[in-house]
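Chemist: Chain by chain, the residues run as shown.
There are 4 protein chains.
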Amino acid sequence: MNQSSFGNKFVITTWGESHGKALGAVVDGCPAGLPLTEDDIQKYLDRRKPGQGPYATARKEGDQVEILSGVFEGRTTGTPISMAIFNKDQRSRDYGNIAYTYRPGHADYTFDEKYGFRDYRGGGRSSGRETAGRVAGGAVALKLLESLGINVFAYVSAVGPAAISSIDKEERDRNSLCMPDAEAFKKAAAWLDTCIHDQDSSGGVIECRITGVPAGLGDPVFGKLDAALAGAMMSIGAVKAVEIGDGVLVGTSRGSLNNDSFYMEADGSVAKASNHSGGILGGISDGSELFFRVHVKPTPSISLPQKTITNDHQDTTLEIHGRHDPIIAPRAVVVVEAMAALVLADALLSNISARLESVQRFHKP
Amino acid sequence: MNQSSFGNKFVITTWGESHGKALGAVVDGCPAGLPLTEDDIQKYLDRRKPGQGPYATARKEGDQVEILSGVFEGRTTGTPISMAIFNKDQRSRDYGNIAYTYRPGHADYTFDEKYGFRDYRGGGRSSGRETAGRVAGGAVALKLLESLGINVFAYVSAVGPAAISSIDKEERDRNSLCMPDAEAFKKAAAWLDTCIHDQDSSGGVIECRITGVPAGLGDPVFGKLDAALAGAMMSIGAVKAVEIGDGVLVGTSRGSLNNDSFYMEADGSVAKASNHSGGILGGISDGSELFFRVHVKPTPSISLPQKTITNDHQDTTLEIHGRHDPIIAPRAVVVVEAMAALVLADALLSNISARLESVQRFHKP
Amino acid sequence: MNQSSFGNKFVITTWGESHGKALGAVVDGCPAGLPLTEDDIQKYLDRRKPGQGPYATARKEGDQVEILSGVFEGRTTGTPISMAIFNKDQRSRDYGNIAYTYRPGHADYTFDEKYGFRDYRGGGRSSGRETAGRVAGGAVALKLLESLGINVFAYVSAVGPAAISSIDKEERDRNSLCMPDAEAFKKAAAWLDTCIHDQDSSGGVIECRITGVPAGLGDPVFGKLDAALAGAMMSIGAVKAVEIGDGVLVGTSRGSLNNDSFYMEADGSVAKASNHSGGILGGISDGSELFFRVHVKPTPSISLPQKTITNDHQDTTLEIHGRHDPIIAPRAVVVVEAMAALVLADALLSNISARLESVQRFHKP
Amino acid sequence: MNQSSFGNKFVITTWGESHGKALGAVVDGCPAGLPLTEDDIQKYLDRRKPGQGPYATARKEGDQVEILSGVFEGRTTGTPISMAIFNKDQRSRDYGNIAYTYRPGHADYTFDEKYGFRDYRGGGRSSGRETAGRVAGGAVALKLLESLGINVFAYVSAVGPAAISSIDKEERDRNSLCMPDAEAFKKAAAWLDTCIHDQDSSGGVIECRITGVPAGLGDPVFGKLDAALAGAMMSIGAVKAVEIGDGVLVGTSRGSLNNDSFYMEADGSVAKASNHSGGILGGISDGSELFFRVHVKPTPSISLPQKTITNDHQDTTLEIHGRHDPIIAPRAVVVVEAMAALVLADALLSNISARLESVQRFHKP
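Residue numbers (my numbering), protein chains in the order written: chain A, 1144 to 1508; chain B, 1144 to 1508; chain C, 1144 to 1508; chain D, 1144 to 1508.
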């Protein structure tokens, strides 16, 4: 797989730097016949847009997506769907010491070590803006999942010490921190006010729940569904931990507590008495809700002075001016949904040929 | 990527079921000229072997690896290295109710849902024995890393409530739980005795530290080094969480605490004052120690009676007889090392063409 | 590999339909530090442009490429290079019976059978315009090859019965049929005048010669350099045969005639007394000139009435109006160069890790 | 794709050197539920076996395949199918000057240039014996195709100047040159007698016809079905040209002659009045017979003295002793069938997700 592509059957390739001409994505392998409009994409990109509140940058990105190929008369044609978001504001500006100072917690130093130089404008390829392409591609995957009755729902479950204790789906879309619990939101807001006052930033936690997933998705060894999800989530900048189901709790659990008992429902369907596994057994979906959690580090750009080095290897002190989000997690919620959808779309398409009888049915209709 | 292969340039393909004729691995893309013998592989396979103590199954596997191709006069030739481990004991036996009862916490149900039927003998492809192929392939990767001065060291850091408080590398190889802390081992042993007495099992935690890794490995977007590691670790059966660096702690941390300051060493090398990042920034290695942690669920096969269903969808109660490990984590330590080595070998080979000057130097010697 | 991507290390993904908003390509894996401008791409796209003469369509495409990412301060950054060519003229027009009649020799019927419907405007994804993306991506590869001293030169060697008997590189760029032999061009022109008069079209042959290729490129089994070239060439629409070196002549040849003897040059370099192999032995380049030939079918769109069927499966007679090239081969010359360059760039980057000593030299500088 | 693997969904990985311990193949992605025995594989391997006649080496290989994984109770399980062929005769022998002399027409020189050294025993990885793994894997693909009503039939159509003029399928299996025309066989035999008398060898031509292929296989751009077939065929050692349908004739043809008219059959099926395209339009199968032709070079190992160089770069004269086949083509017939089947199996599995309605039908049964 090349470095900027993801997936085997439903494949996304993203491109673009933060302050370049444009960013975008190419989706290849989407089945023909899926209704798709720019609005289907735009509504997810709008969720990436900074809000009005105090916990998000005031920079008004206003990303507008254009579909350049792969859709004809409102439906996908089976050929690559190319999407682009042009940067409206491309004024030359002074990037100051960012050009030659390595910001702690950022990829500046590692890019220079890898490539010899870097596009330092706004973080270049390593900016959070890179995720716009993922969200555009993920929106196509989400549209496909929707047509199959699969629903993906992510939310911020904790901001620093403020954690949710209930899930109200509509509340998630009402507050600026994507938290599905109004009480937790208040505590989180107070905590962030403290962080902002301290010229500091905060970490957060995102949870994702996916319903309607058929049993049988994922492969037994390297292509486990949870392995694909873990890789996808950890590929989102700032994510430092991924838990499936009970996650880190399994280390201190016992078999009798961690196993999920199967039983038969009255309607003849298979059910589990609990879901410690997060909906995946042996790397393959078991038909229950998929559940996982990702931990997002605090915004590394803070106003506090920080010790670091320059690109000619001199010690220095860095002060990052301008406005930065005090927390990354809320804006990453839609990215988590996008990446989860890409994993599932790929698994769904890959799985169709798992049994001879399916292959025969398809080719001998 | 096919389901049973892993990697892009240094590629392993594994095959084999628990109670089939043999298990094995094919390694493709290993550079020519690497000294390699069966002993280099065998020493890692021996670490998978059940010990004598009370915390491992008594079944004497005694896996012996054979190299079938790809090595000539003691060195790799650049062609595929095929390795096989033949099962010595292939007596037909009675698998009892395993054949038609879905064990909770196992892949029995999900395999049937995916493929329509399964090789139920000893767990088939989903058995822990599947990792023998990974360890064989990982041993080749470890030999390659060794030739480049890179060292991979994993260990059990916690067994249920018993966690290590120090790291003594030699102690790891002295005790049957792979814990690098003799005091913690004693507490862990006591905890496992309780679990065994209760006909139950325990989870555990594994940590991995890798030194000598050059800066610049990994790719900026989907091919992040931590994404590859997370996917690799989560592909190991029973792993339910992966943390890089500070991992789950980042959610409650602040930017000023989580950022690692750069500074110049007296010898002119770049250093970091801390390593909250676990040695990876923006998905690319930063030259400091790689550090990550995986959480392993308790052995799902326990002697306590469990409610479940049969493959013809009847409720039933399952009692699993015979001897099972009360904990998985210790035997997974060498698998963690193998998978980490496979990720790094792949990243090392992929990275060579990142800069034009390297490509030119190679092709115009 | 996904259907619209090509390559393993140096990867191109193309997108776009003939009459859509735009066409383009994303190049991923190009080493950082390669000088690259839009002019470097444009000069190859201009060679695809229809000429003024009688043997090319009068439609003035005037494709202008834009580089949207991956280049900073005039050099590639190692991140994906996105290139787009916007269609200037997007008027709605009447596509007449093309929308529901299957043109013989075209992909209309097979697209409908595969996808259920198709973008019929100008051939959609199966138009010759699809190659614009390949040429844009190939131009980046050609720039990389140039920096390594490798030269790719393709030309039309035959038009119907008119074949070249000598190679004058400059003559190729002087005449509208890309033939490197002025005499042969005259005969070819006369032949094409006959075809046009007959409302018919002609096939042609393209040859490609590549110099400066180091020995050692390509892999021994499935990844043979000639296999990659053959696949790449046959992926160009209208190509129906590929020959490497002596090609179809080998079937009637003898070993003593077909083998190329090695000998030592006075300067200590290895040489071959002949080049029947076309520069490849056992799938690996041998350091001599790469030579191959492709056979291009006649333009399937002809003015003569043709029997065919409609998409609701009725017999009909089709008359294709408008202007069409009487021959495809000349405009495919630059596409052959582009695809050959993509194969070689990929092989060059892949080959760097073939030997341990190279890997060690890179990682221990 | 790694160098020794082939395919995207139905993937074969081969391994093994001519005189190593064993050769083999791993097939990954084969649907679960396909009946498969060792006899299904063996019958194809037996066709590779040298015959009794004068036109094949007397060495009695007697390859016996063992299935080591992936089959349970007579059916494939969906997990990797590992197959091995152990070399019975592994005596140490004197390889004489082969170890340090570069044989013209072989990969000796290019291997050394690529890898720095090589396993010279019997040609190592570049021996014709490498194809045993392909045939084993191809046999699984052929079994899958058979279950879908697809038939693959290849044969030698010419040996030097002796070409067939009719096709008698049973005759192919009666004579030692795999020619489906008894008259042509006699002429071919006479020609080969001359070659043998002259201590020389002959080239040949293989044709392949595949019936029962549904329309819609293959992808529009890089993944064209003919591109995959061309790459697959050219990856067979000694193949130097591939033609699809009319092949090299298209260069001198006209559109009116080369286009195949569609018409409706009385039974309501779509048909073509001719098959110049070889069953593929725009890279996608059109439902008619697939037809292609490959040209195989003469055996490079001949008894006549040849000028060449040693691996320390000295001019020398080589005399190859021992018995060698005077022609390669007949033994490559089954390899052509195997590779064609691998391409088709892959295309069949990949194609199932081309339309949304198929995906929906599968996931909402």
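Source of the hints: derived by calculation from the structure; they are not laboratory data.
A couple of the hints might just be wrong.
Intra- or inter-copy, both count: the list cannot distinguish identical chains.
Claimed, not checked - Subject to a maximum C-alpha distance of 20 Å in a straight line, what follows is the list of computed EDC-like cross-link-like pairs (lysine to aspartate or glutamate):
| # | residue 1 | residue 2 |
| --- | --- | --- |
| 1 | Lys1450 | Asp1255 |
| 2 | Lys1286 | Glu1500 |
| 3 | Lys1312 | Glu1500 |
| 4 | Lys1450 | Glu1408 |
| 5 | Lys1164 | Asp1206 |
Chemist: Work down the list of hints and note, for each, if the structure agrees.
Modeler: Now for the hints, and whether the structure bears them out:
Taking the shortest alpha-carbon separations for Lys1450 and Asp1255, only the intra-copy value of 19 Å comes in at or below 20 Å, while the best inter-copy value is 51 Å. Proximity of Lys1286 and Glu1500 under a CA criterion of 20 Å is satisfied inter-copy only: 14 Å between copies versus 28 Å inside one chain copy. For a Cα distance limit of 20 Å, the shortest separation of Lys1312 from Glu1500 qualifies neither inside one copy, at 40 Å, nor across copies, at 31 Å. In this assembly of identical chains, the alpha carbons of Lys1450 and Glu1408 lie at most 20 Å apart only when taken from different copies (14 Å versus 61 Å within one copy).
Proximity of Lys1164 to Asp1206 under the C-alpha cut-off of 20 Å is found in both arrangements, the shortest distances being 13 Å within a copy and 19 Å between copies.
In terms of the numbered hints stated before, the structure departs from hint 3 and from no other.
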